[in-house]
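Model the full structure from these sequences, guided by the hints.
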Amino acid sequence: MNHALVVEGLTLRTKKQTLVENVCFELKRGECVALVGGSGSGKSLTALAIMQLLPQGVYPVSGDIRLESRSLFDLSERQMQHIRGERIGMIFQEPMSALNPVVCVGEQVAEVLRIHKAIPKAEIKARVISLFDEVALPEPHERYGWYPHQLSGGQKQRVMIAMALACEPDVLIADEPTTALDVTVQAQVLALLEKIKRTRKLSILFITHDMAVVSQIADHVVVMQKGHVVEQEAVDVLFRDPTHPYTRQLLYDASGRMIKRSVHEQKAPTVLSVEALRVYFEKRGMLWGMKREVTKAVDGIDLTLCRGETLALVGESGSGKSTVAKALLALVPFQGEIYLGSTRISGMGERAFKPFRKRIQMIFQDPFASLDPRMRIGDILKEGMESLGVGPRDKEAQYAYLQELLRQVELPESYLERYAHEFSGGERQRIGIARALALKPEVIICDEPTSALDVSVRSQILALLKRIQEETGVAYLFITHDLALVPSIADEVAVMCRGKIVEQGRVKRVMYYPSHSYTRTLLAAVPKLPDFIYGKEDI
Amino acid sequence: MSLHLLLTDILLWSLMIGGMAWGVYMRKAKAGLEAWRDIFRSPVAMVSAVILLFYLAFALLDSVHFKVNDPHRSDSGSVISLLDMAMQHRRTFSERTYSAPFATQEYTRSVVVDKKGVTHQSFLPLKHVSPEGFWQKSMWGMGVGIALALLLIFLHRRWLRGGHERGEPLPWRSAYMTFAILTVLFSWLYVMSFSFHVLGTDKVGGDLFYASLKSIRTGMLIGTLTTLVTLPLALVLGVSAGYFRGWVDDLIQYLYTTLSSIPGVLLIAAGVLTMQVMMDQHPDWFATTVERADIRLLFLVVILGVTSWTGLCRMLRAETLRISQMDYVTAAKAFGVNSWQIMWRHIVPNLTHIILISIVLDFSGLVLAEAVLSYVGVGVDPTMYSWGNMINQARLEMARDPMVWWSLFSAFIFMFVLVLAANLFSDRVQHVLDPRNVS
Amino acid sequence: MFIYILRRILYAVPILIGVNLITFMLFFMVNSPDDMARVQLGAKQVTPQMIEAWKVERGYDKPLFYNAEASGVEKVTKTLFVQESSKLFRFDFGRSDANRDIKEDIKARMGPSLAIALPTFLIALVTNISLALLLVLFRGTVLDTTAMVIAVMIMSVSGLFYIIAGQVLFSKIWHWVPISGYAEGWEGIRFIILPVLIGVFSGLGSGVRWYRSIFLEQINQDYVRTARAKGLSEVRVLFSHVLKNGMLPILTGVVVIIPSLFMGSLIMESFFGIPGLGSYTIDAIHAQDFAIVKAMVFLGSVLYIVGLILTDISYTLFDPRVKL
Amino acid sequence: MRIVRAVNHYIVWCLFLSFAYGGLWNMPYEKGESATNTLFSTFSVAPKHLDPVRSYSANEWAIIGQIYEPPLQYNYVDRPYRLEPLTLMRMPEVTYLDENGTLCDENSTRVAYSRYHLQLRPDIRYQDHPAFVKHSDGTLYYGKLQPSLLSSISSVWDLPKRASREVRAEDYAYAIKRMAVRAYHSPVLDTMRPYIVGLDSFSKQISQIAQIKHQAHRPLDLRAYTIEGVKVTGKRSLEITIHGKYPQFLYWLAMNFFAPIPWEADLFYQQEGLRAKNISLDTSPVGSGPYYLALSDPNRKMILKRNRHFHTEYYPGMEKTELNRLPFIDRVVYTLEKESIPMWNKFLQGYYDASGISSEAFDQAVEIGSSGSMGLSDTMKRKGIRMIGSVEPSIFYMAFNMEDPVVGGYSESAKKLRQAISIVQDQEEYISIFMNERGVAAQGPIPPGIFGYVLGEAGTNRVVYDWVNGKRVRKSLAYAKRLLAEAGYPDGIDPQTKKRLKLYYDTTATGPDDRALMDWRRKQFAKLGIDLVIRATDYNRFQDKVRRGKVQIFSWGWNADYPDPENFLFLLYGGNAVVDTGGAGINSSNYKNPVFDRLFEEVKSMENTPQRAKKIVRMVHIAQEDAPWVWGVYPKSLVLVHHWFTQVLPHAMANNTLKYKCIDPKERVAKQQMWNQPVYLPLLIIGGAILLLGWWLYKLYEKRQRRTIRERR
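Each protein sequence line maps, in turn, to chains E, G, F and Z. To convert, note that position 389 of the first sequence is 389 in our numbering; the numbers rise steadily by one, no gaps. To convert, note that position 89 of the second sequence is 89 in our numbering; the numbers rise steadily by one, no gaps. To convert, note that position 129 of the third sequence is 129 in our numbering; the numbers rise steadily by one, no gaps. To convert, note that position 95 of the fourth sequence is 95 in our numbering; the numbers rise steadily by one, no gaps.
Calculated directly from the structure, the hints in this document are not laboratory data. Please note that the accuracy of each hint is not assured.
[Said to hold, decoys possible] Far from chain G, some chain E residues (derived; all Cβ distances over 12 Å): (1) E31; (2) Y59; (3) V103; (4) Q188; (5) K195; (6) K197; (7) D302; (8) I468.
[To be verified] Capping the alpha-carbon separation at 30 Å, the derived lysine-lysine pairs in DSS-like fashion look like this: (9) E:K440 - G:K333; (10) Z:K277 - F:K78; (11) Z:K545 - F:K62; (12) F:K103 - F:K55; (13) Z:K550 - G:K67; (14) F:K87 - Z:K144; (15) Z:K231 - G:K127; (16) E:K395 - G:K127; (17) Z:K204 - Z:K231; (18) Z:K383 - Z:K305; (19) Z:K604 - Z:K475.
Think of the CB as a built atom: it goes at the ideal place given N, C-alpha and C, for glycine as much as any other residue.
Next up, the structure:
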């Protein structure tokens, strides 16, 4: 038998609808198959169906899944318990929540061995430590007794991998294992998986939405859309010659080339400049008068933003980039100087600052948290206008103004009367943009506006932002963790690391001739599509 | 006869009107309406709601009081409610002592001297029952009930057809069934109550059916009005603590930790006794026993409210802490919206589910608490009809041999049905409104 | 840790002062020292001389909060409030107005209260958790729904009914246990069986529902899916993962009340004639024995605060993420 | 699953083990306890004070009456109540003295003092007690308890050594001296001050000394002080001199206030360490009576045991043989029973030897015979239960405040209003509904069994009743209405307000149980068209209002201190009116009739002669006419006793009756076994059901484990 796992005509339903229909693919021994698709394409459900861990109410109605030659669907629940963990290992997207927070990681790995293998107690710990060693967890002896919250995201994912590999399974299912990780960590985890695949002759089913990751790890690609497999092919064939339009779209979006930037040659006037901005958070002392702990979230940064330009602020999680945004809006106490145009706005009281608020606005990362679920879209848009006295006062004109706003962000005017929860993430993000635009600001701070969105939606939003900038001449401070995005959106880039800016300059220079080692590490870690994709003209 | 609304009447009615106004407002707000429809999509919730409404109807009926001005009437000067008027036959004519449900004679023997001058113990016949024609009366009573139920159901269907039915149909069938059963049962009991003591009589011959019906108002008032006190306190303090933090938070936390660290029963007992002293010092405040009992009930409600807001306050504070971290609040801050407006516009509306859940959850707890408080001696006025008072009396009656079971039974059934309905309903409300249950 | 506890204890001081303030205000709004003297001296023929002598002896001749006759700081310190509460803070409960040593009384009554409250608490905890786990194991089945309906029904009955019915059934008709009373040692088991059973049963409905919802919340967590993916059987998933994590929210609700178990249950104790602390306080309120009332309220508050501190400490034991 | 089943097994076994050895499952006592010569009784309120100087309530006296011995006691058998010597050789001899202290005739107007000569019996000895253990120099052995010893004891019986001693006259004097100390809060001090010569000044002096000693933490030894009127004239003889003539003083000598207190005990208990352990005379009495307190846990249980030093005393009227020597019972266990229901049920199960009858249990227990007499029901008779009933020397009444502008006053119209109200209060119905016939409608202030009570037609209150065919018949409602009209309120309408007359009734009835009673009250007034407003308050507030005369109508009651009419009539004596005496008086209706008051002064110190009877009848008539009270009810006490409990006679005045009673434990054990066999079947059914359920669940889980995903749909 050459096939480790075969999925045949798998159809999954709830009582009301079909979620996955007639999915077929094969996983050869020692091969990595990538299951690719946008959110809601059914790729995760397929993986869960293999493990028979489907959420309640979702059932396979037809099809079969075979592990080697055994049909998994013919196994009883008790028999399945011997397949899970022993023959098929699985790792999940969120390493934080996927590990039991109150059990030390060593024990969690040991548990797999304990239930599946008759190994003497004394040996188990040794086995776990050697596993930790294999997944390159530093100091495995010590880490055994650590709890998940003491480990970093990457280390947690390594623990998950160790857990999945503990019983030397034939198949490893990895459900978006790197999505929640920073790029540098992602690169390491991918490398680890690659290595294990080679050394153990492991078959991997790799589920992801990221084409770039696919190109790095997979041998074979299965593309899913809305519960159907639309295309499956060996990876180099698929990338060279995608047949299905959805695959093409995926590749197109991933290449991130759709936005062309006109290069500003002459220096535009500065709208926002920041000098020596510091934000320190103090933890309250244990007892009155005792020493206080100080966290330096932002530790002295300088930024300049010119009219009509975009400055990308890039950094990994925890680098303090979101805190910069909050400081600029005077939502956290800070030290240092901030000039809006020529006015010094730092050190102003709330009352004095209020007139300037309309000139600097913000777009948020999470489209679900940024809109009040109890308010109508119209009221959401109006809130800032009324508070800051922007826009027409009389009702009719105001209504027309709001309609115009929606048109600007390419949404139907009828949305004004509706509530935020009725909309998709992309639509919500547009509403968020409209809310900021309503005040006709000079600067908009975009705090990771696309990271919570699907790839295809992401490019639409970016295009919209671009168009608005061209129309209105607004300046963006674009905060992101995704370096790959930078060339297509920004004129200037600043790389942030632990509260400090390590490198700053025009995009081209920084991206192609990085001077700081951190920037170089970041750039190297970004997964890349095969070069020929970039080489091709419009598809 | 002139309208003479008691304080609690006014409060209950204004609460009703407020509730209805809120309902009308909610009809406009689509999101809220959808949630409500979702609640009623469960037949259990529908049935519970009908039962609750039935109880509420009695409470409201019993909350329209009139003063009897006619000096020729025997009860001149007293304050009676619509329910009292409907139950006039059972309010004024009472027996001497215990009698079983549907009995025709007293439950205990009494000493009688017959014409010959011989003393013996015998069961005296009841004064106010007419046992003849049991079946005809039953048929008539049930017939009226069925007719009434059908008529109202028919009218409701018409109204629904008239375009008021929107979206997915609700389980009206269960509602109709419940309604019909309740109507028939009650109309039968009502008709029979003219000829019998359908649930028996208590120690002094008072009709227990009447007592049970009167108790509904007490239970409902304690369950609903307490929230009137709890809510503003918990809301204002909880939201300010969560939003402003710092010393405001410290102060409010201090306040509720202090209050909640005092054992609850003691606090309530002390509060009730204090209020009694106050009432004793001002006997001129109340013209009648009814008013006096009413004020005492109101005070009890206030004290229960003051002692029970801490739990809700803590929850609201935590939720406010969470919400004020949300991006939409940040956005509002970036718009320079002032704190009060943020609280009113963004925070309070997003707390409604917690408030609603806690209201419906507290309701049944409060109804049950009333009984226990009466046992401790700090409950409602002893002259007031309440299940707590009934249970307490019944406790002693259970020791009789043979047992006088019916007053415990009446209180048990009336209370159990209400609390069960409330619990089932609150279950559903919690299920639908609690965001944690979405998955 | 040590500093944390120290800080919490310091924070407790203003709370306890507040508690005392409320106690004093409420009590003396209702009762005057004269009334208290009359109650203690008996109803028959109490003369003013007797009342005066009693008040001086017990210290109730001082003004409550402000002594206008004293000078300087003594205007505040020479008052009933300051004198009596400072004694409380030293845990010197003094003698009751009926002239018994309160500390001795509390010691003597604590045993019976605990004899009822502790078994009730423990048995209820174990039963509720195991039943809840059982229902979570069979979640979504008919068993689950039936049990939930029964639980709501159990919740909907006033506790008084259970006590009355229990006494009639188990004691009067079936002669299983004594109707009421209390004895120390193993002999006493007979007496506590019924109150404990009733206590457990009346809390069964709400308890099982609460624990069930906690476990259900846990069972939808990612780590449970991980555990299943490891090949754990459902029972093992419940016991080794869900139960452990569910303990955290359970702890918040449960540990707070552990110290308060000392305070006993008023209703149970008076129905079953158990000489515990629950009836002690209410009796004292009715007998207007302020010395006992203030001592018990103070003790209750202290125990509550201890409960809060214990909750935090237990978190550090059960949740590795929490460090004090 | 296995765990659940194991737990089930465990519980079942625990049940069996804990019961199996104890015989009856529901036995509330230790095994074998009921086979001993022990009486099982109850108390409903924890006794607060067992110190005889302080104790003044029936529940406390029920216990200390068995422990302490005042000089006199009531004869157990004789009726009407008669005093007889208890620790005295004979009844006290009284001599009368004039102002100068010379003897004079009893009936002389010069009588200024009466002197009582008490001669003690030689065989009275105290119970064994550590306080009596002495060093050779006469100081107390346990006079200075060391902290190490203190920490190891929880009651006086933990001290190893005990001794006894003879009761001497000085001990009686010592008791009176203790009474004088203010800090001991004796309730009778202020009553006795005007009588006992020198008590007043002694009290002031000794109270100050006591305070000084208390502040210095020094014990107060009263032996060093003497009261002028209390003279120890010998080892066993004592003279008490009182002002004027006060024949009721003999009754006081039968009360525990005058029981001997040994100075050893007083000093012993003044130790700080013992006080802190709640060991004091208040909790651990030292007496010479038939029993001593072996266990004092007022929150749970009190145990009395036979005092082996008890003097020789025989059952009255019986042969003086060892067989009839008191006491008969070796041990008494009092258990706290706050609730009437458990207490009644335990009585029926045979676990208590006697019980009162609560109104709930009345139907079950009592049947009214064809003659109108009360008898036991058949079920009770079959159980061998006997009923013992007697009318108590007490009265419950409803009083009008005579100072009130509406119901008070002595005008004809006010009188008629009160009379009308009196007529419509249907006491017979009240007795029937609320007292289960356990009472007699009162005709005047003096209850049956007290000198001055008149039976039959002559004793009928003519204001409220008619005498028809040899029976009392309440006057008609029509008559009452006529009276009301004559009083100026036709049909109950107040001519001033043109509305129904509104009267206020104050009560402490705040519990839910009282609702029925209040309804009934209102109904009575409604008959006349009067609106009765109930003002329910707590007892404090109520008392306070009564004391300040801020009430209109209220209910109260009175228990006799001693069986003399003076003890009832003084409730209506004008000099005792509460508003005039600043609340100290006892006449809470503030009734003041000059004729009545004059007669009272005369009657007060008379012997029970026909003249006295005549005067009392006149007083009663005056009061009936004025109707300051609605003469309520003389309550009857009914006690049920099991047939193994014998020689039980009702006695309203005596407290030390336990020594006369008798128990047959063998019979008791036999009946307890018969009545309390547990019913096993439900236990088996419940256990079976639980096991079945467990098994079913296990099967269910197994089935699920064997299922494939295809079958799961």
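**OP:** Hint by hint, work out which the structure violates, then give me just those numbers in ascending order.
**Re:** 15, 16, 19
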